[in-house]
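**Student:** Sequence:
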Amino acid sequence: MIVVVVGLVVGGGAGGAAGGSGALPPVVSRIGPESMVTPASEVTIDPVGTINALHALGVDRVHVSLTWSAVAPDTTSTRRPSVDLSDPASYSASAWAPYDAIVRQLKADHMGIDMDFFPPAPRWASGPGAPHPARQTMWQPNASDFAEFVRAAGTRYSGHYTPPGASAPLPRVSFWSIWNEPDLGAFLAPETTHHSQVEEAARLYRGLLDAAWGALDQTGHGRDTILFGELSPAGIHTASIGNFQAMPPLRFLRALYCVDATYRPLSGQAAALRGCPTNAAASAQFTAQHPALFHASGVAVHPYPQGLPPDTVTPDEPDYAELAALPRLAQTLDRLQAVYGSRTKFPLWSTEFGYQTDPPETNDAGLVSPTTAAYYLNWAEYISYENPRLRSFDQYLLSDSPTAFFATGLLSATGAPKPAYYAFQMPLYLPVTTTNRGHPLDVWGGARPAPDAQNAAHSAQTVAIQYRSGGSGAWRTVRTVTLTNPHGYFEIRQVFPGSGQVRLSWTPAHAAPDISRTVHITLR
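Using the numbering used here, the first residue of the sequence shown is number 2, and each one after it goes up by one.
Do not rely on the hints blindly, as some may be mistaken.
[Claimed, not checked] The calculated label-pair distances, taken between Cβ atoms and stated as ranges, are:
no., residue 1, residue 2, range
1, Pro418, Ala187, 56 to 62 Å
2, Val433, Pro487, 38 to 44 Å
3, Ile32, Ala102, 48 to 54 Å
4, Ala289, Ala102, 28 to 34 Å
5, Gly166, Ala457, 29 to 35 Å
6, Thr288, Ser91, 33 to 39 Å
7, Pro165, Thr415, 20 to 26 Å
8, Ser91, Ser370, 20 to 26 Å
Hints were generated in silico from the structure; no laboratory data involved. Beta carbons are placed, not taken as given, at the ideal position from N, Cα and C, and that holds for glycine.
Can you build the whole structure from these sequences, using the hints too?
**Tutor:** In C-alpha coordinates, the structure reads:
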(Lines of atoms letter the chains of each structure in order from A and count residues from 1; the text may use other names and numbers.)
(Lines give C-alpha, C1' and ligand atoms only; values in the text may rest on other atoms or scores of the structure.)
Protein backbone atom coordinates (compact mmCIF):
# COMPACT_ATOMS: atom_id res chain seq x y z
CA MET A 1 0.00 0.00 0.00
CA ILE A 2 1.35 3.45 -0.93
CA VAL A 3 0.82 6.01 1.81
CA VAL A 4 1.53 9.67 2.21
CA VAL A 5 1.18 11.99 5.16
CA VAL A 6 -0.93 15.00 4.33
CA GLY A 7 0.87 18.26 4.98
CA LEU A 8 -1.15 20.80 6.93
CA VAL A 9 -1.11 24.48 7.60
CA VAL A 10 -3.35 25.27 10.54
CA GLY A 11 -5.05 28.63 10.82
CA GLY A 12 -4.89 31.16 8.03
CA GLY A 13 -8.51 32.29 8.28
CA ALA A 14 -11.05 33.87 10.56
CA GLY A 15 -11.61 31.62 13.52
CA GLY A 16 -8.58 29.50 12.63
CA ALA A 17 -7.44 27.09 15.32
CA ALA A 18 -3.70 27.77 15.07
CA GLY A 19 -2.15 25.64 17.79
CA GLY A 20 -5.50 25.21 19.48
CA SER A 21 -7.32 22.10 20.66
CA GLY A 22 -9.24 21.92 17.41
CA ALA A 23 -6.12 21.06 15.44
CA LEU A 24 -5.14 17.38 15.57
CA PRO A 25 -2.38 15.59 13.66
CA PRO A 26 -3.23 14.47 10.14
CA VAL A 27 -4.24 10.89 9.58
CA VAL A 28 -2.08 8.71 7.37
CA SER A 29 -3.87 8.65 4.05
CA ARG A 30 -3.69 6.83 0.76
CA ILE A 31 -2.92 8.57 -2.46
CA GLY A 32 -6.35 7.35 -3.53
CA PRO A 33 -7.92 6.77 -6.94
CA GLU A 34 -7.41 8.97 -9.95
CA SER A 35 -10.51 10.67 -11.26
CA MET A 36 -12.05 9.62 -14.52
CA VAL A 37 -15.07 10.81 -16.48
CA THR A 38 -16.86 8.83 -19.17
CA PRO A 39 -18.69 11.39 -21.31
CA ALA A 40 -21.26 10.58 -23.95
CA SER A 41 -21.24 11.73 -27.57
CA GLU A 42 -20.50 15.36 -26.60
CA VAL A 43 -16.79 14.49 -26.51
CA THR A 44 -16.79 13.47 -30.18
CA ILE A 45 -19.16 16.29 -31.22
CA ASP A 46 -17.18 18.99 -29.38
CA PRO A 47 -13.82 17.56 -28.28
CA VAL A 48 -12.21 20.87 -27.36
CA GLY A 49 -15.15 22.28 -25.40
CA THR A 50 -15.90 19.03 -23.58
CA ILE A 51 -12.30 18.34 -22.61
CA ASN A 52 -11.76 21.90 -21.46
CA ALA A 53 -14.83 21.56 -19.23
CA LEU A 54 -13.44 18.33 -17.78
CA HIS A 55 -10.04 19.96 -17.33
CA ALA A 56 -11.66 22.77 -15.35
CA LEU A 57 -13.18 20.12 -13.08
CA GLY A 58 -9.74 18.66 -12.42
CA VAL A 59 -10.34 15.32 -14.12
CA ASP A 60 -7.24 13.13 -14.40
CA ARG A 61 -8.34 10.83 -17.24
CA VAL A 62 -11.14 10.65 -19.81
CA HIS A 63 -12.64 7.30 -20.78
CA VAL A 64 -13.24 7.56 -24.53
CA SER A 65 -15.30 5.05 -26.53
CA LEU A 66 -13.57 4.35 -29.85
CA THR A 67 -16.62 2.83 -31.51
CA TRP A 68 -15.73 0.20 -34.09
CA SER A 69 -18.77 0.76 -36.31
CA ALA A 70 -18.31 4.55 -36.20
CA VAL A 71 -14.82 4.30 -37.68
CA ALA A 72 -15.09 1.24 -39.94
CA PRO A 73 -15.72 1.64 -43.69
CA ASP A 74 -18.97 0.40 -45.25
CA THR A 75 -20.31 -0.25 -41.77
CA THR A 76 -23.85 -1.24 -42.86
CA SER A 77 -22.76 -3.54 -45.68
CA THR A 78 -22.73 -7.31 -45.34
CA ARG A 79 -19.63 -7.50 -47.58
CA ARG A 80 -16.24 -7.02 -45.98
CA PRO A 81 -14.31 -4.15 -47.62
CA SER A 82 -11.48 -5.32 -49.89
CA VAL A 83 -8.84 -3.10 -48.26
CA ASP A 84 -6.17 -3.61 -45.62
CA LEU A 85 -8.18 -2.96 -42.48
CA SER A 86 -5.06 -2.98 -40.29
CA ASP A 87 -3.93 0.21 -42.06
CA PRO A 88 -5.42 3.38 -40.55
CA ALA A 89 -5.35 4.99 -44.00
CA SER A 90 -7.97 2.46 -45.15
CA TYR A 91 -10.47 4.23 -42.91
CA SER A 92 -12.06 7.58 -43.63
CA ALA A 93 -10.15 10.58 -42.31
CA SER A 94 -13.45 12.11 -41.22
CA ALA A 95 -14.22 9.00 -39.15
CA TRP A 96 -10.93 9.32 -37.28
CA ALA A 97 -11.16 13.10 -36.96
CA PRO A 98 -13.08 13.33 -33.66
CA TYR A 99 -10.69 10.89 -31.98
CA ASP A 100 -7.64 12.68 -33.38
CA ALA A 101 -9.00 15.91 -31.92
CA ILE A 102 -9.62 14.22 -28.56
CA VAL A 103 -6.09 12.86 -28.19
CA ARG A 104 -4.57 16.19 -29.26
CA GLN A 105 -6.68 18.18 -26.80
CA LEU A 106 -6.02 15.79 -23.93
CA LYS A 107 -2.29 16.13 -24.54
CA ALA A 108 -2.61 19.91 -24.66
CA ASP A 109 -4.46 19.89 -21.33
CA HIS A 110 -2.04 17.33 -19.79
CA MET A 111 -4.84 14.84 -19.17
CA GLY A 112 -4.85 11.09 -19.56
CA ILE A 113 -7.01 8.95 -21.82
CA ASP A 114 -8.49 5.49 -21.51
CA MET A 115 -9.32 4.57 -25.11
CA ASP A 116 -11.92 1.80 -25.10
CA PHE A 117 -12.44 -0.39 -28.18
CA PHE A 118 -16.20 -0.14 -28.11
CA PRO A 119 -18.97 -2.11 -29.84
CA PRO A 120 -20.91 -2.54 -32.03
CA ALA A 121 -19.09 -4.22 -34.89
CA PRO A 122 -19.73 -3.18 -38.48
CA ARG A 123 -22.36 -5.35 -40.11
CA TRP A 124 -19.80 -7.23 -42.21
CA ALA A 125 -17.91 -8.31 -39.06
CA SER A 126 -20.91 -9.82 -37.28
CA GLY A 127 -21.97 -13.44 -37.42
CA PRO A 128 -24.92 -14.87 -39.32
CA GLY A 129 -28.32 -15.76 -37.99
CA ALA A 130 -29.05 -13.13 -35.37
CA PRO A 131 -32.66 -13.63 -34.25
CA HIS A 132 -33.20 -9.90 -33.79
CA PRO A 133 -32.16 -7.72 -36.78
CA ALA A 134 -31.64 -4.65 -34.61
CA ARG A 135 -29.04 -6.58 -32.59
CA GLN A 136 -27.21 -8.00 -35.60
CA THR A 137 -24.02 -6.02 -35.04
CA MET A 138 -23.71 -7.37 -31.47
CA TRP A 139 -24.00 -10.93 -32.75
CA GLN A 140 -20.84 -13.06 -32.80
CA PRO A 141 -18.37 -10.32 -33.77
CA ASN A 142 -15.45 -11.68 -35.75
CA ALA A 143 -12.25 -11.69 -33.68
CA SER A 144 -9.93 -11.54 -36.70
CA ASP A 145 -11.71 -8.47 -38.05
CA PHE A 146 -11.56 -6.92 -34.58
CA ALA A 147 -7.81 -7.54 -34.45
CA GLU A 148 -7.36 -5.58 -37.67
CA PHE A 149 -9.36 -2.65 -36.29
CA VAL A 150 -7.24 -2.66 -33.12
CA ARG A 151 -4.04 -2.79 -35.19
CA ALA A 152 -5.24 0.21 -37.17
CA ALA A 153 -5.92 2.18 -33.99
CA GLY A 154 -2.69 1.02 -32.38
CA THR A 155 -0.72 2.19 -35.41
CA ARG A 156 -2.54 5.52 -35.65
CA TYR A 157 -1.99 6.32 -31.96
CA SER A 158 1.54 4.93 -31.69
CA GLY A 159 3.10 8.38 -31.46
CA HIS A 160 4.78 7.86 -34.85
CA TYR A 161 1.87 8.13 -37.27
CA THR A 162 1.38 11.32 -39.26
CA PRO A 163 -2.00 11.40 -41.04
CA PRO A 164 -2.04 12.47 -44.68
CA GLY A 165 -1.95 16.26 -44.83
CA ALA A 166 -0.78 16.68 -41.23
CA SER A 167 2.59 18.14 -40.28
CA ALA A 168 3.25 16.18 -37.11
CA PRO A 169 2.50 12.75 -35.66
CA LEU A 170 -0.59 12.22 -33.58
CA PRO A 171 -0.02 11.90 -29.83
CA ARG A 172 0.57 8.44 -28.47
CA VAL A 173 -2.16 6.58 -26.58
CA SER A 174 -0.80 4.29 -23.90
CA PHE A 175 -3.95 3.31 -21.98
CA TRP A 176 -6.59 0.99 -23.47
CA SER A 177 -9.73 -0.94 -22.57
CA ILE A 178 -11.16 -3.83 -24.54
CA TRP A 179 -14.90 -3.94 -25.34
CA ASN A 180 -17.83 -2.80 -23.20
CA GLU A 181 -19.97 -4.86 -20.83
CA PRO A 182 -19.46 -8.24 -22.50
CA ASP A 183 -21.67 -9.76 -19.79
CA LEU A 184 -24.61 -7.77 -21.18
CA GLY A 185 -26.36 -9.02 -24.32
CA ALA A 186 -26.92 -5.48 -25.57
CA PHE A 187 -23.18 -5.37 -26.32
CA LEU A 188 -22.22 -8.99 -27.00
CA ALA A 189 -24.57 -11.74 -28.14
CA PRO A 190 -25.63 -14.42 -27.80
CA GLU A 191 -25.05 -14.06 -24.08
CA THR A 192 -25.98 -17.69 -23.37
CA THR A 193 -27.06 -20.81 -25.22
CA HIS A 194 -28.60 -24.17 -24.23
CA HIS A 195 -31.52 -22.60 -22.33
CA SER A 196 -29.21 -20.08 -20.63
CA GLN A 197 -26.99 -22.80 -19.18
CA VAL A 198 -23.90 -22.18 -21.35
CA GLU A 199 -22.08 -18.82 -21.15
CA GLU A 200 -21.49 -18.21 -24.86
CA ALA A 201 -20.49 -14.57 -24.40
CA ALA A 202 -17.50 -15.62 -22.30
CA ARG A 203 -16.20 -17.69 -25.23
CA LEU A 204 -16.75 -14.82 -27.65
CA TYR A 205 -15.09 -12.30 -25.38
CA ARG A 206 -12.08 -14.53 -24.79
CA GLY A 207 -11.50 -14.52 -28.54
CA LEU A 208 -11.93 -10.74 -28.82
CA LEU A 209 -9.58 -10.21 -25.90
CA ASP A 210 -6.90 -12.46 -27.39
CA ALA A 211 -7.22 -10.64 -30.72
CA ALA A 212 -6.91 -7.17 -29.23
CA TRP A 213 -4.03 -8.14 -26.96
CA GLY A 214 -2.03 -9.49 -29.89
CA ALA A 215 -2.83 -6.48 -32.07
CA LEU A 216 -1.74 -3.99 -29.43
CA ASP A 217 1.50 -5.89 -28.90
CA GLN A 218 2.17 -5.96 -32.65
CA THR A 219 1.79 -2.18 -32.90
CA GLY A 220 4.19 -1.33 -30.06
CA HIS A 221 1.70 -1.14 -27.20
CA GLY A 222 2.67 -4.33 -25.38
CA ARG A 223 3.91 -2.42 -22.32
CA ASP A 224 0.93 -0.06 -22.19
CA THR A 225 -1.81 -0.08 -19.59
CA ILE A 226 -4.40 -2.52 -20.97
CA LEU A 227 -7.64 -3.26 -19.13
CA PHE A 228 -10.16 -5.98 -19.81
CA GLY A 229 -13.62 -6.65 -18.44
CA GLU A 230 -15.56 -3.38 -18.53
CA LEU A 231 -18.08 -5.49 -16.64
CA SER A 232 -21.70 -4.60 -16.04
CA PRO A 233 -22.35 -5.02 -12.30
CA ALA A 234 -25.54 -7.06 -12.37
CA GLY A 235 -27.52 -9.68 -14.23
CA ILE A 236 -30.22 -12.30 -13.88
CA HIS A 237 -30.05 -15.94 -12.87
CA THR A 238 -33.12 -17.32 -14.56
CA ALA A 239 -33.44 -19.19 -17.85
CA SER A 240 -34.42 -15.91 -19.52
CA ILE A 241 -30.84 -14.61 -20.00
CA GLY A 242 -30.96 -16.09 -23.49
CA ASN A 243 -29.40 -14.05 -26.26
CA PHE A 244 -29.63 -10.47 -25.06
CA GLN A 245 -30.13 -10.22 -21.29
CA ALA A 246 -27.42 -9.71 -18.64
CA MET A 247 -25.30 -12.36 -16.99
CA PRO A 248 -24.06 -11.81 -13.42
CA PRO A 249 -20.44 -10.66 -13.77
CA LEU A 250 -18.80 -13.19 -11.48
CA ARG A 251 -20.49 -16.03 -13.33
CA PHE A 252 -19.19 -14.49 -16.55
CA LEU A 253 -15.65 -14.37 -15.14
CA ARG A 254 -15.71 -17.99 -14.05
CA ALA A 255 -16.75 -19.03 -17.55
CA LEU A 256 -14.12 -16.72 -19.05
CA TYR A 257 -11.47 -18.57 -17.03
CA CYS A 258 -13.03 -21.98 -17.76
CA VAL A 259 -13.93 -23.00 -14.21
CA ASP A 260 -17.19 -24.06 -12.62
CA ALA A 261 -18.98 -22.54 -9.63
CA THR A 262 -16.54 -24.27 -7.26
CA TYR A 263 -13.50 -23.01 -9.23
CA ARG A 264 -12.60 -26.40 -10.61
CA PRO A 265 -11.42 -26.41 -14.25
CA LEU A 266 -14.13 -27.42 -16.69
CA SER A 267 -13.59 -30.57 -18.70
CA GLY A 268 -15.28 -32.68 -21.33
CA GLN A 269 -18.43 -31.39 -22.99
CA ALA A 270 -18.94 -28.58 -20.44
CA ALA A 271 -15.54 -27.22 -21.41
CA ALA A 272 -15.98 -27.74 -25.14
CA LEU A 273 -19.26 -25.84 -25.21
CA ARG A 274 -17.50 -22.82 -23.69
CA GLY A 275 -14.41 -22.99 -25.91
CA CYS A 276 -12.32 -24.22 -22.98
CA PRO A 277 -9.61 -26.89 -22.59
CA THR A 278 -11.26 -30.30 -22.34
CA ASN A 279 -8.54 -32.08 -20.34
CA ALA A 280 -5.71 -31.39 -17.91
CA ALA A 281 -3.01 -31.36 -20.58
CA ALA A 282 -4.85 -28.72 -22.59
CA SER A 283 -5.63 -26.75 -19.44
CA ALA A 284 -1.88 -26.48 -18.76
CA GLN A 285 -1.59 -24.39 -21.95
CA PHE A 286 -4.42 -22.02 -21.03
CA THR A 287 -2.20 -19.34 -19.47
CA ALA A 288 0.10 -19.13 -22.50
CA GLN A 289 -2.79 -19.16 -24.97
CA HIS A 290 -4.69 -16.33 -23.26
CA PRO A 291 -2.04 -13.91 -21.97
CA ALA A 292 -4.39 -10.98 -21.35
CA LEU A 293 -6.23 -12.99 -18.69
CA PHE A 294 -3.01 -13.19 -16.68
CA HIS A 295 -0.84 -10.26 -17.74
CA ALA A 296 -3.23 -7.36 -18.35
CA SER A 297 -2.81 -4.21 -16.29
CA GLY A 298 -6.14 -4.50 -14.52
CA VAL A 299 -9.83 -5.30 -14.69
CA ALA A 300 -12.38 -2.59 -15.48
CA VAL A 301 -15.82 -2.65 -13.89
CA HIS A 302 -18.94 -0.47 -13.87
CA PRO A 303 -19.92 -0.79 -10.19
CA TYR A 304 -23.30 0.96 -10.27
CA PRO A 305 -25.13 0.30 -6.98
CA GLN A 306 -28.54 0.11 -8.72
CA GLY A 307 -29.89 3.01 -6.63
CA LEU A 308 -28.72 1.54 -3.31
CA PRO A 309 -26.47 3.41 -0.89
CA PRO A 310 -22.86 2.89 -1.94
CA ASP A 311 -22.01 0.69 1.04
CA THR A 312 -24.85 -1.76 0.33
CA VAL A 313 -24.71 -4.93 -1.74
CA THR A 314 -27.73 -6.17 -3.64
CA PRO A 315 -29.39 -8.74 -1.35
CA ASP A 316 -29.06 -12.41 -2.29
CA GLU A 317 -26.86 -11.72 -5.32
CA PRO A 318 -23.42 -13.24 -4.64
CA ASP A 319 -22.30 -12.85 -8.27
CA TYR A 320 -22.86 -9.09 -8.54
CA ALA A 321 -20.06 -6.51 -8.65
CA GLU A 322 -21.53 -3.24 -7.42
CA LEU A 323 -19.26 -0.87 -5.46
CA ALA A 324 -19.78 -2.50 -2.07
CA ALA A 325 -19.05 -5.93 -3.59
CA LEU A 326 -15.71 -4.98 -5.16
CA PRO A 327 -13.74 -6.79 -2.44
CA ARG A 328 -15.65 -9.91 -3.50
CA LEU A 329 -14.76 -9.23 -7.14
CA ALA A 330 -11.08 -8.89 -6.19
CA GLN A 331 -11.23 -12.15 -4.25
CA THR A 332 -12.84 -13.88 -7.23
CA LEU A 333 -10.10 -12.68 -9.57
CA ASP A 334 -7.44 -13.86 -7.13
CA ARG A 335 -9.04 -17.31 -6.95
CA LEU A 336 -9.20 -17.53 -10.73
CA GLN A 337 -5.51 -16.70 -10.97
CA ALA A 338 -4.66 -19.31 -8.35
CA VAL A 339 -6.41 -22.04 -10.36
CA TYR A 340 -3.64 -21.66 -12.96
CA GLY A 341 -0.80 -21.11 -10.51
CA SER A 342 -0.67 -17.34 -11.06
CA ARG A 343 -0.14 -14.88 -8.22
CA THR A 344 -1.38 -11.88 -10.20
CA LYS A 345 -3.61 -9.56 -8.18
CA PHE A 346 -5.30 -7.33 -10.69
CA PRO A 347 -5.99 -3.71 -9.78
CA LEU A 348 -9.61 -2.72 -10.31
CA TRP A 349 -10.57 0.28 -12.42
CA SER A 350 -13.99 1.89 -12.18
CA THR A 351 -14.74 3.15 -15.69
CA GLU A 352 -18.46 3.91 -15.30
CA PHE A 353 -20.27 4.97 -12.16
CA GLY A 354 -23.14 7.24 -11.22
CA TYR A 355 -26.63 7.61 -9.84
CA GLN A 356 -29.70 8.18 -11.98
CA THR A 357 -31.74 11.11 -10.70
CA ASP A 358 -35.41 12.05 -10.50
CA PRO A 359 -35.71 14.65 -11.96
CA PRO A 360 -35.25 14.40 -14.87
CA GLU A 361 -36.02 10.67 -14.98
CA THR A 362 -39.33 9.48 -13.61
CA ASN A 363 -40.03 5.95 -14.79
CA ASP A 364 -36.98 3.86 -13.93
CA ALA A 365 -36.14 1.80 -10.86
CA GLY A 366 -33.25 2.86 -8.67
CA LEU A 367 -33.72 6.62 -9.03
CA VAL A 368 -32.61 9.03 -6.30
CA SER A 369 -33.03 12.75 -5.86
CA PRO A 370 -30.28 15.03 -7.21
CA THR A 371 -29.33 15.96 -3.63
CA THR A 372 -29.11 12.32 -2.56
CA ALA A 373 -27.04 11.55 -5.66
CA ALA A 374 -24.50 14.21 -4.63
CA TYR A 375 -24.27 12.74 -1.12
CA TYR A 376 -23.98 9.17 -2.43
CA LEU A 377 -21.27 10.16 -4.92
CA ASN A 378 -19.09 11.64 -2.18
CA TRP A 379 -19.72 8.61 0.00
CA ALA A 380 -18.85 6.31 -2.92
CA GLU A 381 -15.65 8.21 -3.61
CA TYR A 382 -14.62 7.86 0.02
CA ILE A 383 -15.23 4.09 -0.19
CA SER A 384 -13.16 4.05 -3.37
CA TYR A 385 -10.38 5.98 -1.64
CA GLU A 386 -10.32 3.44 1.16
CA ASN A 387 -10.06 0.45 -1.21
CA PRO A 388 -6.36 -0.12 -2.09
CA ARG A 389 -7.26 -2.35 -5.07
CA LEU A 390 -9.32 0.39 -6.74
CA ARG A 391 -7.33 2.72 -8.99
CA SER A 392 -10.00 5.08 -10.32
CA PHE A 393 -13.22 6.83 -9.41
CA ASP A 394 -15.31 7.34 -12.53
CA GLN A 395 -18.20 9.67 -13.20
CA TYR A 396 -20.65 8.70 -15.94
CA LEU A 397 -21.86 11.06 -17.50
CA LEU A 398 -20.82 14.69 -17.81
CA SER A 399 -24.24 15.81 -19.09
CA ASP A 400 -27.70 14.29 -19.07
CA SER A 401 -29.15 13.52 -22.47
CA PRO A 402 -32.11 15.52 -23.80
CA THR A 403 -34.22 12.36 -23.56
CA ALA A 404 -33.41 11.99 -19.84
CA PHE A 405 -32.26 8.43 -20.45
CA PHE A 406 -29.88 7.21 -17.72
CA ALA A 407 -29.62 10.66 -16.17
CA THR A 408 -26.40 10.28 -14.17
CA GLY A 409 -24.79 13.50 -15.41
CA LEU A 410 -23.15 16.28 -13.45
CA LEU A 411 -24.96 18.76 -15.68
CA SER A 412 -28.55 18.82 -16.84
CA ALA A 413 -29.35 18.53 -20.53
CA THR A 414 -29.47 22.34 -20.65
CA GLY A 415 -26.00 22.64 -19.13
CA ALA A 416 -27.12 23.70 -15.64
CA PRO A 417 -25.04 22.19 -12.81
CA LYS A 418 -26.78 19.53 -10.75
CA PRO A 419 -25.81 19.13 -7.07
CA ALA A 420 -23.52 16.31 -8.19
CA TYR A 421 -21.39 18.81 -10.11
CA TYR A 422 -20.24 20.55 -6.95
CA ALA A 423 -19.93 17.24 -5.11
CA PHE A 424 -17.61 15.93 -7.82
CA GLN A 425 -15.56 19.10 -8.00
CA MET A 426 -15.15 19.38 -4.21
CA PRO A 427 -15.80 16.01 -2.54
CA LEU A 428 -16.60 16.05 1.17
CA TYR A 429 -17.49 13.11 3.38
CA LEU A 430 -17.56 12.61 7.14
CA PRO A 431 -17.76 8.89 8.00
CA VAL A 432 -19.26 9.81 11.39
CA THR A 433 -21.30 12.96 11.91
CA THR A 434 -22.30 12.59 15.58
CA THR A 435 -19.89 12.61 18.52
CA ASN A 436 -19.37 14.00 22.00
CA ARG A 437 -18.23 17.58 22.53
CA GLY A 438 -14.47 17.88 22.47
CA HIS A 439 -14.08 14.74 20.37
CA PRO A 440 -12.80 14.98 16.80
CA LEU A 441 -14.58 14.00 13.62
CA ASP A 442 -12.81 12.57 10.61
CA VAL A 443 -13.06 14.97 7.66
CA TRP A 444 -12.24 13.56 4.24
CA GLY A 445 -12.42 15.54 1.04
CA GLY A 446 -10.50 17.59 -1.42
CA ALA A 447 -10.43 20.01 -4.30
CA ARG A 448 -10.17 18.09 -7.54
CA PRO A 449 -8.85 21.01 -9.66
CA ALA A 450 -6.22 22.03 -7.05
CA PRO A 451 -3.26 19.91 -8.24
CA ASP A 452 -3.50 21.33 -11.73
CA ALA A 453 -3.88 24.84 -10.33
CA GLN A 454 -0.78 24.28 -8.21
CA ASN A 455 1.22 23.19 -11.25
CA ALA A 456 0.09 26.26 -13.16
CA ALA A 457 0.74 28.72 -10.32
CA HIS A 458 3.81 26.97 -8.85
CA SER A 459 2.36 27.56 -5.41
CA ALA A 460 0.71 25.39 -2.79
CA GLN A 461 -3.06 25.12 -2.80
CA THR A 462 -5.13 25.17 0.38
CA VAL A 463 -8.65 24.18 1.28
CA ALA A 464 -10.59 25.83 4.07
CA ILE A 465 -12.74 23.70 6.36
CA GLN A 466 -15.62 25.97 7.29
CA TYR A 467 -18.21 25.71 10.03
CA ARG A 468 -21.34 27.52 11.09
CA SER A 469 -23.57 26.91 14.05
CA GLY A 470 -27.07 25.64 13.36
CA GLY A 471 -28.41 26.14 9.87
CA SER A 472 -27.77 29.84 9.35
CA GLY A 473 -25.34 32.59 10.13
CA ALA A 474 -21.84 33.31 8.91
CA TRP A 475 -19.41 30.63 7.88
CA ARG A 476 -15.98 30.73 9.54
CA THR A 477 -12.83 28.84 8.71
CA VAL A 478 -11.78 26.48 11.49
CA ARG A 479 -8.85 24.95 9.66
CA THR A 480 -6.84 25.45 6.52
CA VAL A 481 -5.36 22.37 4.87
CA THR A 482 -2.45 22.49 2.47
CA LEU A 483 -3.00 19.95 -0.29
CA THR A 484 -0.08 17.68 -1.15
CA ASN A 485 -2.00 14.72 -2.52
CA PRO A 486 -1.63 14.41 -6.34
CA HIS A 487 -5.40 13.96 -6.73
CA GLY A 488 -6.34 16.80 -4.36
CA TYR A 489 -7.46 14.64 -1.43
CA PHE A 490 -6.92 15.15 2.28
CA GLU A 491 -8.08 13.41 5.44
CA ILE A 492 -7.78 14.96 8.90
CA ARG A 493 -9.32 14.82 12.35
CA GLN A 494 -10.99 18.01 13.50
CA VAL A 495 -12.69 19.15 16.68
CA PHE A 496 -15.71 21.39 16.05
CA PRO A 497 -17.18 23.86 18.56
CA GLY A 498 -20.73 22.49 18.45
CA SER A 499 -23.54 21.15 16.31
CA GLY A 500 -23.93 22.80 12.97
CA GLN A 501 -22.81 22.54 9.37
CA VAL A 502 -19.47 21.85 7.68
CA ARG A 503 -18.31 22.60 4.15
CA LEU A 504 -15.11 23.09 2.17
CA SER A 505 -14.01 26.19 0.30
CA TRP A 506 -11.22 26.45 -2.26
CA THR A 507 -10.37 29.63 -4.14
CA PRO A 508 -8.85 29.27 -7.61
CA ALA A 509 -6.60 32.05 -8.85
CA HIS A 510 -8.54 35.18 -9.87
CA ALA A 511 -11.92 33.49 -9.32
CA ALA A 512 -14.70 33.16 -6.81
CA PRO A 513 -14.42 30.32 -4.27
CA ASP A 514 -15.60 26.83 -5.15
CA ILE A 515 -17.82 25.40 -2.42
CA SER A 516 -18.57 21.79 -1.52
CA ARG A 517 -21.89 20.41 -0.46
CA THR A 518 -22.84 20.94 3.20
CA VAL A 519 -22.69 18.24 5.89
CA HIS A 520 -24.66 18.47 9.14
CA ILE A 521 -22.88 17.46 12.36
CA THR A 522 -24.25 16.83 15.85
CA LEU A 523 -22.25 17.20 19.07
CA ARG A 524 -23.80 15.78 22.20
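**Student:** Hint says 38 to 44 Å; check whether the CB-CB distance for Val433 and Pro487 agrees.
**Tutor:** Between Val433 and Pro487, where Cβ atoms are some 27 Å apart, the hint is violated.
**Student:** So does Pro165 sit 20 to 26 Å from Thr415, Cβ to Cβ?
**Tutor:** violated, 40 Å
**Student:** Taking the CB of Ala289 and the CB of Ala102, does the distance hold inside 28 to 34 Å?
**Tutor:** 40 Å Cβ-Cβ, so the 28 to 34 Å window is violated.
**Student:** Okay, Ser91 versus Ser370 on CB: inside 20 to 26 Å?
**Tutor:** Roughly 50 Å apart at Cβ, these two residues miss the hinted range, so it is violated.
**Student:** For Thr288 and Ser91, compare the CB-CB distance with the range 33 to 39 Å and indicate the outcome.
**Tutor:** About 34 Å separates the Cβ atoms of Thr288 and Ser91, which means 33 to 39 Å holds.
**Student:** Taking the CB of Gly166 and the CB of Ala457, does the distance hold inside 29 to 35 Å?
**Tutor:** holds, 33 Å
**Student:** Just tell me: holds or violated, for the beta carbon distance of Pro418 and Ala187 against 56 to 62 Å?
**Tutor:** Check failed, 30 Å falls outside 56 to 62 Å.
**Student:** Between the beta carbons of Ile32 and Ala102, is the distance compatible with 48 to 54 Å?
**Tutor:** Given about 31 Å between the Cβ atoms, the range is violated.
Consistency with the previously given hints fails for numbers 1, 2, 3, 4, 7 and 8, ordered from lowest to highest.
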